[in-house]
Amino acid sequence: MLRALRAVIGRDLRLAMRRQADIVAAMFFFIIVVSLFPLGVGPEPDQLRRLAPGVLWVAALLATMLSLPRLFADDHRDGTLEQLALAPQPLGLIVLGKVIAHWLVAGLPLVVLAPVLGIQFDLPSDALAVLTLSLLIGTPALSGIGAIGAALTLGVRGGGVLLSLLVLPLYIPVLIFGAGAVDASVSGLGPQAHLSLLGALALGGVFFAPWPTAAALRVALE
Amino acid sequence: MLEASNLECVRGERRLFADLSFRLAAGEMLYLQGSNGSGKTSLLRMLCALTPAASGDIRWRGRAIGKLGEEFRSELCYLGHLNAIKEELTPLENLLLAAQLAQESLDHDAALDALELVGLLGREDLPCRYLSQGQKRRAALARLVNERRALWVLDEPYVALDAAAVELVAGLIGAHLQRGGLAVLTTHQAVPVTAGTVRELSLDGAHATSGWG
Amino acid sequence: MSNGLINWFKYASPQSFYPLAGKLIPWFWALAALFGVAGLSIGFLLAPTDAQQGEGYRIIFLHVPASWLSMFIYLVMAFWAGLGLAFNIRLSGMMASALAPTGALFAFLSLWTGALWGKPMWGAWWVWDARLTSELILLFLYIGFIALQAAIDDPRRADKAGAILALVGVVNIPIIYFSVKWWNTLHQGASVSLTKAPSMAAMMLWGMLLCALACWMYSIAVALMRVRTIMLERERHTDWVRALLTNQE
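Protein chains in written order, with this note's numbering: chain A, 1 to 222; chain B, 1 to 213; chain C, 1 to 249.
You may find that some hints are simply not true.
Stated by the list, open to error - Listed below are several chain B residues computed to face chain A (Cβ distance under 8 Å; list not exhaustive): (1) Leu82; (2) Ile85; (3) Gln100; (4) Leu121; (5) Arg123; (6) Leu126.
Stated by the list, open to error - Derived coverage of chain A by chain B (criterion: at least 3 residues anywhere in the stretch with Cβ under 8 Å from a Cβ of chain B; other residues may be distant): (7) 3 to 9; (8) 39 to 47; (9) 155 to 167.
Rather than coming from a laboratory, the hints here were simulated on the basis of the structure. Note that this is a predicted model, so its numbers are computed, not measured. Ideal placement from N, C-alpha and C gives every residue a C-beta, glycine not left out.
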């Protein structure tokens with residue numbers, strides 16, 4: 001079981017390394033979206049500090065949406081998805097492997113970039129730490145929940161837009177607790193409650209979501 | 001071993017075949033014939049439990065394949081009309097990965113030998129996107145060299161291959177049957193297989209029936 | 001499928017459900033009209049004017065039933081979808097697709113009437129109140145469901161994909177509602193108290209219940225009409241639909 005999981009993760013990481021341009025593009029998308037906000041709302045540090053958690057989190061959601069359509073579409077196109085579905089392991093386990101790989105490739109870079117972008121918004125250092133921590137805990141949930149949408153829209157007309165329509169509402173709790181953690185730490189309430197709820201969402205997203213995703217993949221392969 | 005009874009296939013609003021039954025024992029091969037769009041690929045996908053049959057059931061060792069799930073899949077090797085190789089990876093990586101996912105132990109040397117057999121030695125480190133169609137098909141078929149699972153389901157295995165490669169694949173299938181394996185394949189080229197019993201099934205005609213029971 | 005199930009689900013076959021639904025529809029329309037007239041006459045003629053909110057409050061006779069129905073229909077839809085997924089019953093998927101537009105309509109009505117109510121009460125068309133926000137998200141979920149089913153050509157695949165989405169949605173709705181509520185309590189600075197008058201006049205309650213029943217009956221009638229259309233569309237190549245259509249001509 002674990003060997004198969006490792007094999008799937010290794011495979012997807014290796015594929016991602018051969019297509020680094022995609023990762024870099026998603027990272028720059030994140031940077032650009034975040035950098036546009038001060039141009040839109042003005043450079044007053046107070047206002048930027050207040051906006052920062054929401055802006056970074058929304059940009060992280062959008063950057064994740066950018067990489068989700070390809071989560072299964074490439075494998076679907078070249079027939080490897082059928083092989084994965086026919087492998088002698090539960091398909092949910094294979095999906096879990098792909099979700100973990102997706103997070104490493106699409107989620108983790110956002111976490112690494114977040115403190116740098118937070119400085120643009122004049123966030124104090126403890127808020128920066130909470131922001132980074134909230135992204136670290138929350139982005140796995142984005143990959144997990146997003147996989148359901150990616151599987152449901154596999155091979156569907158206008159899949160990319162539809163994917164956003166299906167997945168973004170499901171992201172709302174992650175956004176609320178993620179951005180809320182930073183707000184809570186700034187306002188002195190302490191981010192622990194938010195972060196633990198975010199952790200619960202992430203666990204749910206990563207370990208529960210692969211099963212409906214697997215069911216949706218089987219429907220798409222019919 | 002493999003038994004299909006009263007299968008019906010409906011695609012969109014068309015019924016492709018109905019009341020299709022066959023039985024396949026160890027060491028036997030089933031040639032599926034039929035014109036384009038007669039439901040050959042659909043039948044193969046049903047046999048893999050990828051597509052559910054509109055009615056009828058498929059049994060493997062006496063049990064319904066839908067219920068067997070992973071137990072059945074661990075005895076099944078499916079090669080679709082898509083090659084199922086990643087263009088970014090080399091033939092060697094593709095081969096090793098396929099074995100890993102199938103939970104088979106295939107070491108580096110055995111994989112190289114398999115690639116040599118299908119004539120890809122010297123290209124094993126080249127990303128598959130630089131290979132020709134025939135070479136990609138060979139890279140996909142290299143999986144069969146060390147494949148010991150009991151049931152092979154092959155969709156047009158000979159397409160895009162040259163005469164020498166066709167003979168090679170036919171030889172692999174023959175050896176598989178000799179070991180007591182089963183094979184179901186579709187093809188437009190009737191290629192003789194050296195060993196095993198060959199049955200034929202045609203999907204043409206409104207309600208396809210098989211010649212045996 | 002064992003043979004025992006076939007008797008159980010006798011009316012699950014479109015062929016036998018179609019005429020049954022046809023007979024039921026007029027009754028549900030009649031009940032909807034009856035409850036609607038009763039509820040609205042209580043609401044507009046008999047119910048007292050609210051001490052704080054004046055006459056404007058009377059929109060709740062539409063607003064509250066619409067909100068209830070929008071939530072309840074999602075549950076019913078998910079129930080049908082899950083049933084269809086578990087037992088592979090064609091009718092279930094059709095019921096789920098037939099319910100979705102009505103649910104979306106009620107979610108929209110709830111938002112719209114909420115805005116109409118909010119303007120005189122709070123002085124704003126839209127307030128980021130937990131309930132309004134959740135209702136908006138519910139509308140998004142309905143739209144996602146409808147869009148997904150519309151984008152998939154094969155009706156069976158559309159049913160299954162929609163069913164998975166509806167079930168995921170049902171698991172998520174409580175989480176979303178809770179998180180929005182949490183968010184709301186943290187962010188509400190100059191707070192607008194949204195709790196309704198604690199003691200609602202019995203007459204108001206009756207009016208609201210009757211209106212809710214009217215909406216209920218309307219939903220059933222419309223869903224049955226829609227499911228009949230879906231049946232004809234999907235089964236147009238079967239013998240029973242052909243026979244039905246030739247008989248009508």
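Going back to the hint list, which numbers does this structure go against? 4, 5, 6, 8, 9
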